[in-house]
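Protein chains: 4
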Amino acid sequence: MKQDIKIGVIGGDTRLLATAHSLARDGFRVNCYGVPKIKGKYNGYKICNTLEDAVRGAKAVVVGVPYSADGKWLNCPPKDYAISVKALLCNMTSGQLLLGGRFDAGIFEAAEKHSVKAIDYFASEELTVLNAIPTAEGAVEIAIKELDISLRDARILITGFGRVAKVLAYTLKGLGCDVTVSCRKKSEGAWCRVYGYGFMPLETLGDKVDGYDVIFNTVPAPIFTRDLLCNTDAVIIDLASVPGGVDTDAALELGVKVIRALSLPGKVAPRTAGEIIAGSVCDILTEEGML
Amino acid sequence: MKQDIKIGVIGGDTRLLATAHSLARDGFRVNCYGVPKIKGKYNGYKICNTLEDAVRGAKAVVVGVPYSADGKWLNCPPKDYAISVKALLCNMTSGQLLLGGRFDAGIFEAAEKHSVKAIDYFASEELTVLNAIPTAEGAVEIAIKELDISLRDARILITGFGRVAKVLAYTLKGLGCDVTVSCRKKSEGAWCRVYGYGFMPLETLGDKVDGYDVIFNTVPAPIFTRDLLCNTDAVIIDLASVPGGVDTDAALELGVKVIRALSLPGKVAPRTAGEIIAGSVCDILTEEGML
Amino acid sequence: MKQDIKIGVIGGDTRLLATAHSLARDGFRVNCYGVPKIKGKYNGYKICNTLEDAVRGAKAVVVGVPYSADGKWLNCPPKDYAISVKALLCNMTSGQLLLGGRFDAGIFEAAEKHSVKAIDYFASEELTVLNAIPTAEGAVEIAIKELDISLRDARILITGFGRVAKVLAYTLKGLGCDVTVSCRKKSEGAWCRVYGYGFMPLETLGDKVDGYDVIFNTVPAPIFTRDLLCNTDAVIIDLASVPGGVDTDAALELGVKVIRALSLPGKVAPRTAGEIIAGSVCDILTEEGML
Amino acid sequence: MKQDIKIGVIGGDTRLLATAHSLARDGFRVNCYGVPKIKGKYNGYKICNTLEDAVRGAKAVVVGVPYSADGKWLNCPPKDYAISVKALLCNMTSGQLLLGGRFDAGIFEAAEKHSVKAIDYFASEELTVLNAIPTAEGAVEIAIKELDISLRDARILITGFGRVAKVLAYTLKGLGCDVTVSCRKKSEGAWCRVYGYGFMPLETLGDKVDGYDVIFNTVPAPIFTRDLLCNTDAVIIDLASVPGGVDTDAALELGVKVIRALSLPGKVAPRTAGEIIAGSVCDILTEEGML
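Chains as they are written, first to last, in numbering that gives the first Met the number 0: chain B, 0 to 290; chain Y, 0 to 290; chain X, 0 to 290; chain P, 0 to 290.
Among the hints, erroneous ones may be present.
Which copy is meant is left open, so a pair is good if it fits within one copy or across any two.
[Said to hold, decoys possible] Computed cross-link-like contacts, EDC-like style, restricted to lysine to aspartate or glutamate with a CA-CA straight-line distance of at most 20 Å:
hint : residue 1 : residue 2
1    : Lys40     : Asp282
2    : Lys256    : Asp79
3    : Lys112    : Glu51
4    : Lys58     : Asp147
5    : Lys184    : Glu125
Derived by calculation from the structure, the hints in this document are not laboratory data.
Note that this is a predicted model, so its numbers are computed, not measured.
Start from the sequences and build out the full structure, keeping to the hints where you can.
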């Protein structure tokens, strides 16, 4: 049945190529255009000569994450391609799905005009949780590299307790580390006790920020102000989405090392990241009654 | 009491400087010569102008690991110093201890001629076990970096089940990984079951080596022959001491990626590595009745 | 400051006595009435001769969980006492807090008539989460006792994925067990992957219920129908609140062993359960501006 | 092939019946005599009417653990049987193996006279390690039951660091507990650090025994003297083989609760214990070239 379903994959980075590979391995007929050329590792899909060929007859067209940097041109790293969002939509027909990451109002509107249903696979709860696994591993890799002590001996603070923070705390605890979590919601303190993490309310952070060797921030709000930065010698690994959680000017002046670590799944484990997106694409096809 | 005990630290790398720092923080009077100049991080010791000054009056003289690359010149990375083993021993007097790493027959003989007792701190069981912690973390860092899938999804094989393998298996399991151990001694299979690792006897490795994404070797013997390498797509991270466990020529020809990872504690966590050596130095001083 | 705050503790079981002990150890002046007489273990509080004495001047009056079996008489196991809810409220004055467990509409209304603010400490998120720890331990104890295989070898299913299920799954995984979770919400499958549990949607349970040695149910709805019970040889440990999740008549007929395990914290770890309630009492006093 | 091999199983407890069941399930022809009658759970073997029938033609004859309480009568709990060791050996012929647990010099001599090779399956390293898993679970069950606090909150001491202690420490740590180990060999302190346990040398136990809620002893030597017992309120769970590690008279006088917990695998998980023995029997048959 899956071999009767055609999926177009347009542009994107290595991760999206891994998505194409994973969908093909699952049995879909996958037509690509504008994808990176990486030999050997990823295969099973067909590379088309034109955008039109890749899109024609597809139940769903999958683009990268973010789908575009400026809302006009598709995310498409290979330099020999320049694919506009408009060109893509003009090639699509009513009833096709457009799936991509970090869709904004503009793309939803534009898709609607072309009678194309646009769905953001990056909004999926499963995808977000599963992506937290390679994110946590990438954060661990950075911490091992940056610290001159073993992680096991490090005093570790995690700010925030959302998905990434939860998975990271669990991962570090598994490594034998001493982990303290700081977030706003006090009842999370009980969960921290369950999982064996220390806990402090975020509002008391200022007094205690000096006791850590490494701080993983997951809060996208200016928590690490100049005042706080004055009191810490820790390396700060900032995993929070834009704008991050650190006053970087102050950090620079004060000599606090801050490492901005974004989009780790695609960097650390592109194949896994692609499989996670492929899983999300399958879920969406199922929900839309196409599978 | 410790402040009455003088210790000389001669040559060595960052790790030995961290040892000096750690001993000084513990209260010893530490005199260094020929150590790397690293500002800010390590302190509390005195830097002497001559070898003689650093050695005179010391209960113990601590050198690096390995103590020497050729048995003639001390391990002493900074280029402005060249300290011969002979010069060191000539400056030492009867009753002083010479402590270093990976001592060979030559150094023991030479020390004896100078009535100096030489003790290899790297032969300590505690040190070897504790060093396995940063070694395991370094191996994890390499694996996360090299694999294009998340470690959590990787099929992992560890060959050998000595100290490093035990700590590495435990660390990877803690990270949520699926770990299989392969070693000669069959009764270790029961321990693997206790700790939740898969097990296969080393002699059956040939038939099953194809099922893994990453292999950590800890056996310093030619296990990974051309025949075995033909059957695997795994990345091999070779942690075994010289000569390692992989036929590197065959690996190169066959396109099997092998990463030789030696002396990880000093590279990954020099401060921790130095503290571990300092702990070993203290243990030796206690055993020798000097503390 | 705490020594200026008087707290009355009325009736209840060992757990509430442990609450009195814990509050007294924290510095409060604790006056008890109608509590069990247990020598040696719990102390620091004063036993009053009359209800009036215990209540007079108290900032808060703490009763047991459930506060009453019938809404009329306070939960008060010692046979020489019979304290009515009405009598308690008549002794209380405006501004005093009435704290108890599992308050119903009746008690809130009655309290309001006496201008007494009633707060259910058992509704606290923290308390519920923390109570899940001794609940999980009690469930583990039962499972070890009931199974003729080691828990490590058992195929374990947990139905539901609320607080108790989450803590139990984590506890069993920590013990080295193979754990599968089944619940309605599919996105929990991603969390199960994070924590290393198997997952199946609850609607597919019927087909797969035969593969388990022990099932921990946490869903208070009739999941384990006669049809399902026909297909399992597992021991079922039912942790769900009334009415539980098992058709007990069918189970009896079919010879499926069902163990109803309720109120485990008070049974398994009364001292810990009392400390958790004391913590909740402190939180409430803080929120009410009394601390 | 296994179906051509006959094995006799004589006497023993539920565990040995489970061994018979497990061997039969593995494909051996199993003839029993003098085993407990337990319906439904264990099957696949044949019950013989006479000792002679059960022994005749068997490659190996398996008896219980311990093989005998007095060296004369076989361990055979069902009251309607009384089987002497002599009678068993008289029925055996040269070339048959006699396998049992806790063989002493007497049985080895007697077997030799009958040209029967006797092998103690309980001396197997694998069996001892694997048995430590249900032992640890049994110890956990007892501790949860005996303590009035949750195990997670308990301060736990383990004396000794042999196989049982290692598995128990690992199990308790997995449960989230704080574990301290005390043993003679100081280098084990490094392993304790690897696994995240506290450590103290056994000779310093006297000064620190007061800080624990529960103590698991695994050392079969009089460690817990009157002096030590004076300083502790802990519950002591004594897992050490005879004579245990506690001065029980002193404990009784001082009101220290001591629980003697022996042969836990057979009590807690007889089926698993039987499977472990069956595994050991298979290993022995393989080593003896019979499989």
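Hint check:
Proximity of Lys40 to Asp282 under the C-alpha cut-off of 20 Å is found in neither arrangement, the shortest distances being 25 Å within a copy and 43 Å between copies. Taking the shortest Cα distances, Lys256 and Asp79 never come within 20 Å of each other, neither inside one copy (37 Å) nor across copies (31 Å). Within a single copy, Lys112 and Glu51 get their C-alpha atoms as close as 19 Å, which meets the 20 Å cut-off; across copies the closest is 75 Å, which misses it. In this homomeric assembly, Lys58 and Asp147 never come within 20 Å of each other (Cα to Cα): the closest approach is 52 Å inside a single copy and 29 Å across copies.
For the identical chains of this complex, Lys184 and Glu125 are inter-copy neighbours only, at 11 Å across copies versus 23 Å inside a copy, given an alpha-carbon limit of 20 Å.
In terms of the numbered hints stated before, the structure departs from hints 1, 2 and 4, listed from lowest to highest.
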